Structures are given as structure tokens and as C-alpha cells.
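Asks: Sequence:
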Amino acid sequence: MATSASVISKSRDSAISLRWIIGARDDLIWLIGSVASSYLLLILYVKGIIPLVPMVALWAILIDAPHVFGTFSRTYFDRTERHNRSRLLWGSLLFFVVGPIMVLAGAGLVFFFLAALWAYYHLVKQHYGFMVLYKKKNNDLAPLDNALDRLLLLFAFNYPFVAFIARDPEAIARVPATLQSGVNALATILLAGTIVLAVAWVGRQIQRALTGEQLNIPKYLLLAAAIPMHWVVLLTPMPHKPIAIVAILTIYHNLQYHRLIWFHNKKYTRSSSTGSADAAPATTRRSLVEVGEPDAPERQSLSALDGGKAADDKRSTTLRAKYGAAELISRRLLYYVAFGVLFGLIYQGPRQLLGYMSLKSGDGVAGAQSFATQLGISFLWGYAFIHYYLDSKIWRIRRDPSVGKALNMS
Numbered sequence: 189m190a191t192s193a194s195v196i197s198k199s200r201d202s203a204i205s206l207r208w209i210i211g212a213r214d215d216l217i218w219l220i221g222s223v224a225s226s227y228l229l230l231i232l233y234v235k236g237i238i239p240l241v242p243m244v245a246l247w248a249i250l251i252d253a254p255h256v257f258g259t260f261s262r263t264y265f266d267r268t269e270r271h272n273r274s275r276l277l278w279g280s281l282l283f284f285v286v287g288p289i290m291v292l293a294g295a296g297l298v299f300f301f302l303a304a305l306w307a308y309y310h311l312v313k314q315h316y317g318f319m320v321l322y323k324k325k326n327n328d329l330a331p332l333d334n335a336l337d338r339l340l341l342l343f344a345f346n347y348p349f350v351a352f353i354a355r356d357p358e359a360i361a362r363v364p365a366t367l368q369s370g371v372n373a374l375a376t377i378l379l380a381g382t383i384v385l386a387v388a389w390v391g392r393q394i395q396r397a398l399t400g401e402q403l404n405i406p407k408y409l410l411l412a413a414a415i416p417m418h419w420v421v422l423l424t425p426m427p428h429k430p431i432a433i434v435a436i437l438t439i440y441h442n443l444q445y446h447r448l449i450w451f452h453n454k455k456y457t458r459s460s461s462t463g464s465a466d467a468a469p470a471t472t473r474r475s476l477v478e479v480g481e482p483d484a485p486e487r488q489s490l491s492a493l494d495g496g497k498a499a500d501d502k503r504s505t506t507l508r509a510k511y512g513a514a515e516l517i518s519r520r521l522l523y524y525v526a527f528g529v530l531f532g533l534i535y536q537g538p539r540q541l542l543g544y545m546s547l548k549s550g551d552g553v554a555g556a557q558s559f560a561t562q563l564g565i566s567f568l569w570g571y572a573f574i575h576y577y578l579d580s581k582i583w584r585i586r587r588d589p590s591v592g593k594a595l596n597m598s
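Take 189 as the starting number for the sequence shown in my numbering and just add one per residue.
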């Protein structure tokens, strides 16, 4: 009986794969379970518990802008990255002039439409990125599965977005007139494609189970969290929906990203060659507490403590010399939060003020905004564009082994 039970247990273990990016607890709370934040914000707004302007402004300054700063913390503020990616980083600053140039050229409506599309694509791309990390972690890389996973995300995330645009008067007004007539047809195509792909995808998972291939449980949980949330939020009627859903959809994305950045940025506070630097000081402190007047052994403990502090100071100096301001930003969670909120006030403070003034005057649609407002908001979009673009470059594990090392992908 014992042998039989052991065989059954091993069979169950081999049938599923449960390798996490950070760890089971952190992944389930931050990368998957934080989808609850989007549902909470949706309920609070739809029920009228939290008004539109405070919801969007507080989210933008306290949560969204700091997540943009998270990207900057590991690029512009990282001395090594500035050296290795100088053309990418300094060239990306040109995004600040794209919006103003288009507004000056009379293409403000087109600019804001394209900006909104890129913003939503960025959300979908992050879900895809986390899925790929789980696929790599769990060796779920068969060509058929890669293709089905990619196509399912492409259709399942884009259908509700296009359907929302087709059904919402405020949203369709933000679409250039030449494209408005094709929105309903595109929604129909995406819905049909989603249904077909969902059936094929589920069938493939059943086939994997029947043939003894491991089932990637973290990937399933991620998709089960992200896809239904987008459908619920995008298909739920609400006032000023094009503005409200930005915060409701993105807060999940923000929390995921903050946790990944904080996990990655541990490389700024640890050295692979030093091992566990805190172990010796902790042991020494226990020795000092347990004794009274120090004799020879205790004096040795004091020396060990001094040596541990010296080693820590030397390590911090080395990391600071290598990474620059990134080491300070990531030294304490409080530092990371404080710098992020300060950046939020600088970036999203003016943007939210301009947006509020536009909404109050009834010029919520980009084409109806004053020229000065369009110019100001289009310039501030540059921060988001840089974030979107750099994000598409800096997380490529295959091309940058240091990223895989920081994320413990091996």
C-alpha cells in the first residue's frame, strides 16, 4: 500500500508544474491575486462610493506614476544601464516631442487615439510578459502551446476593448471619423476568433493532461485572473467610462509591476559574491545579548561585528559605485515609495490638473480641448511613452542574461 501511495503521489507531482517567479506566496498575492484591486475599484466607482476625479488623481499620483518611475529606477538611475544602453535611453527622450509636433500639425485627435491604443497594448503586453516568464519557469515552451497562448491573449484581450469602443458614445467620439465605421465589424471578428481559439486552447490543455505533459498551473492562474477582469471592466456600463477604466484596468498592472521591479531591484542591494552578509552580524548580536561583561570570546564577537559592518559598508560602496542612484532608491522600500510619489507629483500632478480643467469645461474629447491643453497633455504623454518603449526592451531575458539572473529564471 505504501509503495502504491508513493507512486500515486509522484504521478500527481509530475502531472503539474508549480514553479513561481518570486515564490508561491508573493506570486499569488501580487502577480495574480492583486487583480482584486481592479474589481474593488470597479465596485467603488460603479456604486458611486468614490467619485471619478479623486479616484483617477490618487491612482495616477500614488500608484501609476510610481510604477513608471520603477522603470526609470532601473534605467536612467542605473549607472551601468546608462553606459550599456546610452543610445536607447537618450534616444527615448525624443518621445517628449512626438505629441507636441502632432498637435502643432493639427493631428491632436489622431495623437490621443494612438496614445490610448498604445496604453492598452502595453497592459496586454505585460500580461503576455508574465505569461512568458511562467512558461519559461515551467518549461512550457512547445511551439504549439506558444502559438495558442499568444493568439488567445491577442484575441481575448482585444475583443472587449474594441466592443467597449463600439458601444460607448464617449469612446467612439475619440476615434478618427474614417475608422469609426469599421469598429463593429472588427469587434465581431475578434469575438468569433476568441471563441474558436478558446475552444482550441482548452482542447490542447486536455490533450496535455491525457498524454502526461505537465500542466502549467501558474500560467493558468494568471490567465484566469487577467482575462475575465478585462471583460468585466470593459463591458460594464459606467459614467465617463473612457476615463474611469484607465485607473480600474491599470491598477492591477501597476501592482504586478511594482512587485516585479522590487524583486528585480534587489540586485542593487545584494552581491552574488558575498553570500548571506547578514548572518554573521545576527549571530554576533545574539552573543552580545546573552552575556554581561565581555571577556575574550565576547571581544572576538565585537570584532566580528565590526568586521561585518565594515564588510557591509564596503559592499554598499561597491554597489553604489557600480549602479549609482539606483542603489539608493532600492536600498529601502520607503525610499522607493518616496521617490516614486515625488515623481508622481512632478509627472501626474500637472497632467491630472490639465485633465480636470478639461473635464470641468466639458472638453473631455481630445478634439474639443483647447490648443494649450492639448499641447501640455501631449508633452506629458512622453513619460508614459518612454515607459512603454523601454519596457519592451529591458525585460528580454534571452538577450540580456543579467535580467534572467536578477529574476532567478534559471
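Everything labelled a hint here was simulated from the structure, so no lab data went into it.
Remember, it's a predicted structure, so these values are computed and weren't measured experimentally.
Check the hints yourself; a few may be wrong.
As a list, the in silico DSSO-like pairs of lysine-lysine whose alpha-carbon atoms are at most 30 Å apart [as the list claims (entries may be wrong)]:
#, residue 1, residue 2
1, K510, K429
2, K323, K429
3, K323, K502
4, K593, K454
5, K548, K323
6, K548, K313
7, K429, K235
8, K593, K324
9, K548, K502
Estimated spans, in silico, between C-beta atoms of each pair [as the list claims (entries may be wrong)]:
#, residue 1, residue 2, range
10, A307, S558, 14 to 24 Å
11, I360, Y544, 41 to 51 Å
12, P416, P364, 26 to 36 Å
13, A307, G391, 16 to 26 Å
Ideal Cβ positions, reconstructed from N, Cα and C, are used throughout, including at glycine.
Asks: Of the hints stated earlier, which fail here?
Replies: Hint check: 1, 2, 3, 5, 6, 9, 11 and 13 fail, others pass.
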